[in-house]
Amino acid sequence: MPMEQMSRLRQRWQLLAYVVAVAALLLAPAVLSTYPLSVLTEILIFGLFAMSLNLLLGYTGLPTLGHSAFFGAGGYVVGLLAKYYQVPLGPALLLAILAGVVLALVTGPIVLRTSGAYFLMLTLSLTQVLFGVVWLARGVTGGDDGLPGIPTPQLAFLAGSLEPTANFYYLALAIVVVAIASMAWVVRSSFGLALLAIRENERVVEGLGYPTWLVKYAVYALAGGYGALAGALYTFFKGYVGPGQLSWLVAGEGLVMTIVGGAGTFWGPMVGAAVVLLLRYEVSTFTQRWLLILGLIFIATVVLMPRGIVRLPERLREVRARVRREELLEPVAGERQPAEQVVERS
Amino acid sequence: MPLNTASVVIGLSYASLLFLVAVGLSVVFGLMRFVNLATGSLYLIGGYLAWTIAGELGSFWLALLGGALGALAVGVVIERGFLERLHRNELLQVCLTLGVAYVVQDVTRWIWGGDPLRLRPPESLRGSILLLGSIVPTYRVALIVAGVVLAGLVWYLLERTKWGAYVRAGVDDLEMLECLGINGRRVFAIVFALGALLCGLGGALGTPVTGVAPGADIQILLMALIVVVLGGLGSVSGAVVASVVVGLVDSMVRTYWPEASFFAVWVLAALVLAVRPQGLLGRVTA
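Chains as they are written, first to last, in the working numbering: chain A, 108 to 453; chain B, 682 to 967.
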């Protein structure tokens, strides 16, 4: 089949997949009862969070362990606004995004001096500092008690006909879909390509005349904004925000979701979020050992599909090709040339 | 602010434990850019094994040995089993070692339960002694001595032996070392194993003062990470200095401003890294 025809076919399949997925998500409240629906809502929210983290981790190659700072900041902003000032949903979400962007713009110049493991540590440190500040500012944030009793917003035009869980589900779905669409636009733009180039070789990109620092600063701010939006939705979903939402454990979970699903792929983090959360809720119904099982899954991911679930078909093709090559080589010589082994291992 | 001898002793004894956990982490990172988030788990294993052995055999010293060797065994399994294939892939290293940390935490909770366990120090180190006009626990002082002795040993091993020279050369330039015909991976494996041994020993030594419980692994891991980045990745002297600084700051803050105790060291870390991204005595940039 000619290349062009194949890619057109592929595009058509992709479109079909999107249509089916959106239809399934729209129909979900009709089929699912309250509890699975709330799990699905959580998956959407954490998926958005992991996707925002993926902008840094997967697209730009900046391993962050402090992304929960934005998740928590967004949560506290909408929490405080809804609780003390009764700010309506739209402005509250916009202010939450703004808070995430501003937080990233303030901390960016500090963390972006580093990369690799130092970046990991510095983002973690700053997040822990923020955690401490929130914890100490008891008068405003409620300290470790957090802010309970935040009203969960509802879509007004559906208010009569749907129960609150389904109503909020639709609200979250709409916001997450819009956010993801805008993210797709960003990563396909020339800016998005510049991110990939920085991940692959920052020096070359710099040599070509790109302001790499500015590009990284911009994507850090963007990821902060998306992360804060996810955090705001999570706070509305739970009706509560506490320092736990800022905890590095949340950041670590986002990191793992991204890696399990496939860092650097567009949908990988969403798939990873779904897998991790479904496993947690499923496994915890029949055993208390879900932490053990989650750990084993991380290990299995690394060993069996190191580039994530989303890239599994690609990986299978590779493994099959290697097996076939070995079968071909086998009869020629009992032992292979050392050079060949080196090439295959790397 | 008057310096309180007791809190200095507590700070320095904590610094001893931190050093034991951090030094392996630091050198392993320096050699292979390897981030080991299962470090705290080795500490946990050392602590739990020591508690069980002390209970069964009644000997504190055998408990120390058992804790250290147990952690060594687990460390070797991790290294041989997985790490070889994850060379230079930070993301997968993070994912794998976090997975190991989860597994170890849950398995140890399964075996030893969720309550904190405390080991009694040996007869000769119980009670307290008078030091510079203050009464301090004998065991804490012994910990400081043990920390100094072990730090000296590590220093000797790395700075005064041929094998230590390989390690230092590997930290500076691994490819060059391998070009000279030295097997970098074997050096890495040995360093990793020794680091695991020290972690387990730290866990066993720390059990009488901090107790051992689920969550202790995460706590010591975070503190050790601070020590490692503060001191500078790959630097042993940096690990010593940073352990002492972090240990003292932690115990001072605990004494004078207890509410801030759990994040004061993070402020310190953020400040130092913001000014010196490579750490206090770091030679390696990540």
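Any given hint might turn out to be false.
[Stated by the list, open to error] Simulated restraints, written as ranges between beta carbons of each label pair:
#, chain 1, residue 1, chain 2, residue 2, range
1, B, 867, A, 432, 43 to 53 Å
2, B, 862, A, 432, 23 to 33 Å
3, B, 754, A, 307, 52 to 62 Å
4, B, 819, A, 392, 33 to 43 Å
5, A, 313, B, 840, 36 to 46 Å
6, A, 433, B, 867, 41 to 51 Å
Everything labelled a hint here was simulated from the structure, so no lab data went into it. Backbone N, C-alpha and C fix where the C-beta goes; we use that ideal spot for every residue, glycine too.
Cross-check of the supplied hints:
Separated by about 30 Å at the C-beta atoms, residue 867 of chain B and residue 432 of chain A break the suggested range of 43 to 53 Å. A C-beta distance of roughly 31 Å is found between residue 862 of chain B and residue 432 of chain A, which places it inside the suggested range of 23 to 33 Å. Between residue 754 of chain B and residue 307 of chain A, the C-beta spacing of about 40 Å breaks the proposed range 52 to 62 Å. Between residue 819 of chain B and residue 392 of chain A the Cβ separation comes to about 50 Å, which falls outside the hinted range of 33 to 43 Å.
A C-beta distance of roughly 38 Å is found between residue 313 of chain A and residue 840 of chain B, which places it inside the suggested range of 36 to 46 Å. Checked against the hint of 41 to 51 Å, the C-beta distance between residue 433 of chain A and residue 867 of chain B comes to roughly 27 Å, which is inconsistent with it.
Against the hints set out earlier in the document, violations occur for numbers 1, 3, 4, 6.
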